[in-house]
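Line by line, the protein sequences give chains A and B.
Letter 58 of the first sequence, counting from 1, is numbered 57 in numbering that gives the first Met the number 0, and no numbers are missing.
Letter 60 of the second sequence, counting from 1, is numbered 59 in numbering that gives the first Met the number 0, and no numbers are missing.
Hints in this document: simulated from the structure, not taken from any laboratory.
The structure presented is a predicted model; accordingly, all values stated were derived computationally and were not measured.
This list has only true hints and no planted wrong ones.
Calculated pairs, SDA-like style, for lysine to any residue (alpha carbon to alpha carbon, straight line, at most 20 Å): (1) B:Lys149 to B:Arg3; (2) B:Lys241 to A:Asp302; (3) B:Lys248 to A:Asp302; (4) B:Lys241 to A:Val300; (5) A:Lys278 to B:Phe259; (6) A:Lys138 to B:Pro232; (7) A:Lys315 to B:Lys258; (8) A:Lys143 to A:Gly107; (9) A:Lys138 to B:Thr25; (10) B:Lys248 to A:Ile201; (11) A:Lys16 to A:Ala45; (12) B:Lys109 to B:Ala56; (13) B:Lys258 to A:Ile201; (14) A:Lys181 to B:Ala164; (15) B:Lys258 to A:Arg317; (16) B:Lys224 to A:Asp121; (17) A:Lys16 to A:Ser92; (18) A:Lys285 to B:Ala236; (19) B:Lys248 to A:Ala220; (20) B:Lys69 to B:Phe190; (21) A:Lys143 to B:Asp23; (22) B:Lys149 to A:Thr183; (23) B:Lys224 to A:Val115; (24) B:Lys248 to A:Ser224; (25) B:Lys198 to B:Tyr187; (26) A:Lys181 to B:Gly161; (27) A:Lys143 to B:Ala213; (28) B:Lys248 to B:Thr238; (29) B:Lys248 to A:Glu312; (30) B:Lys248 to A:Pro287; (31) A:Lys278 to B:Ile260; (32) B:Lys248 to A:Ile217; (33) A:Lys285 to B:Lys241; (34) B:Lys149 to A:Gly179; (35) B:Lys82 to B:Gln202; (36) A:Lys318 to B:Gly256; (37) B:Lys199 to B:Ser77.
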Amino acid sequence: MAEVLVYVDHVDGAVRKPTLELLTLARRIGEPVAVALGGGAADTAATLAEHGAVKVLTHEAAEYADYLVVPKVDALQAAVAAVSPAAVLVPSSAEGKEIAARLALRIGSGIITDAVDLEASDEGPVATQSVFAASFTTKTRVAKGTPVITVKPNSAAVEAAPAAGAVEALAVSFSALATGTKVTGRTPRESTGRPELTEAAIVVSGGRGVNGAENFAIIEALADSLGAAVGASRAAVDAGWYPHTNQVGQTGKSVSPQLYIANGISGAIQHRAGMQTSKTIVAVNKDPEAPIFDLVDYGVVGDLFDVVPQLTEEVKARKG
Amino acid sequence: MSLRIVVTVKYVPDATGDRHFADDLTVDRDDVDGLLSELDEYAVEQALQIAEDADDAEVTVLTVGPEDAKDALRKALSMGADKAIHVEDDDLHGTDAIGTSLVLAKAIEKAGYDLVISGMASTDGTMGVVPALVAERLGVPQVTLLSEVKVEDGTVTGRRDGDAASEQLEASLPAVVSVTDQSGEARYPSFKGIMAAKKKPVQSWDLSDLDIEAEEVGLDGAWTKVDAANARPARTAGTIVKDEGEGGKQLAEFLAGQKFI
Chain A
0 MAEVLVYVDH
10 VDGAVRKPTL
20 ELLTLARRIG
30 EPVAVALGGG
40 AADTAATLAE
50 HGAVKVLTHE
60 AAEYADYLVV
70 PKVDALQAAV
80 AAVSPAAVLV
90 PSSAEGKEIA
100 ARLALRIGSG
110 IITDAVDLEA
120 SDEGPVATQS
130 VFAASFTTKT
140 RVAKGTPVIT
150 VKPNSAAVEA
160 APAAGAVEAL
170 AVSFSALATG
180 TKVTGRTPRE
190 STGRPELTEA
200 AIVVSGGRGV
210 NGAENFAIIE
220 ALADSLGAAV
230 GASRAAVDAG
240 WYPHTNQVGQ
250 TGKSVSPQLY
260 IANGISGAIQ
270 HRAGMQTSKT
280 IVAVNKDPEA
290 PIFDLVDYGV
300 VGDLFDVVPQ
310 LTEEVKARKG
Chain B
0 MSLRIVVTVK
10 YVPDATGDRH
20 FADDLTVDRD
30 DVDGLLSELD
40 EYAVEQALQI
50 AEDADDAEVT
60 VLTVGPEDAK
70 DALRKALSMG
80 ADKAIHVEDD
90 DLHGTDAIGT
100 SLVLAKAIEK
110 AGYDLVISGM
120 ASTDGTMGVV
130 PALVAERLGV
140 PQVTLLSEVK
150 VEDGTVTGRR
160 DGDAASEQLE
170 ASLPAVVSVT
180 DQSGEARYPS
190 FKGIMAAKKK
200 PVQSWDLSDL
210 DIEAEEVGLD
220 GAWTKVDAAN
230 ARPARTAGTI
240 VKDEGEGGKQ
250 LAEFLAGQKF
260 I
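Between the sequences and the hints, there should be enough to build the whole structure, so can you do that?
Structural data, given as structure tokens:
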């Protein structure tokens, strides 16, 4: 059976959820071979094996943390040369897409980004993409070379599928370009204790209607009652009420949770682009004409300062 | 010596219009008004600021696209860019990201550059990979997705806000930079700027000027193939209630019915 390379996104050996989703998709096409790089790479093996990786290729070097993108491209290229895979899957983070694109160019392959589903076909893997602010769905194939495909979080379920997960050292020689862009400082994002926005099953967002940084406390309270991540519209972020890292929309994160709760968000196209593929959408907004109501499964026309705290109390009461 | 800045820009269908696909499954560019991609305005802005801070600099805007794409160049020129290059060729229709990066890289090399600045992504394709591809092709450092950028003494520095961390980056020129919408509000063209733009030079190049064969680009040369494009079925109309004092409870009831609570 053909092997499929899966690029592992991990933090010091802790594998992030989108990588496990990639293993689910990779198993539809062939046998997943994972590539883990940098500090803690070998520590990823147990989790990856549990989810279907037959092999885990690892390489640790300071370059992965000290320089931007290119060392990882060099390593993935070495892995492609070693394995001759049927496809290469990479998580659709900003960095993941850059790594995938440069790899594709080097190995003479086409690239597909932001797939939301993947299936095998006689002509290679077919990716489903959601385009034009999720108003269209396309089916796309790579026409030349080894398909390189980046996949968005929440595109597949994480499945247990125990496999060998044998750790093998990957031989990597860095290119002249590898040390071109130096990372001179790194400030880790402060943990909020909430789920990662792009990975969360439930996202609770606030927009212009929240009307002030201090009022985001009621959005956070609802999120915490549901175990959800907190999002914000561009209007709220531009006003300085909530950090840009939480922005949902075209220039922020694109999310696809089971449940999206939009509070005080009108639903401009730029926002819809980032949340329209959510499975269930609900909204609370004062304006009955707000375009967000065109998308909702359930909407409440009302003042979010009345509705949201009441909802939070009700959720807490029901959860006991 | 003059600092040569090339800004890559894209002419895109207006996101607030009814965007759709043409019969050959390329983006339909005829039925929807086009404009300079909003995210490229940030690139033009940063280029202008870097040029203003430099002793001597020249900002060239570059686009690859059909005849109408000149509008995007005109907008950038009216913001303050010095000159423009338009790569236009019928054989470019349907070119994908890999092909576009080839055309851009060849044009950038022909124009001459110390610094390339791009937006974080286009508002139509939204891949966000072209700056990385151009850097790979040019063989120069990629300093991308910056929320802050500075150029001094032949070195570019900037802040990249990633998923897990915020990173400080540094590279020597020549380099390829991309900037996010957090990099700073783009200026509006002034009346004087709009008038001046009419007199600024716009150079037109075709594929032969760049020594690119037609087979390397276009729909037939594309490295990816779109098999189908379907409008997403409209979401079925949901239930909308007016809050009469029980709105939160009603919403909770709905969420419980959907097994979210």
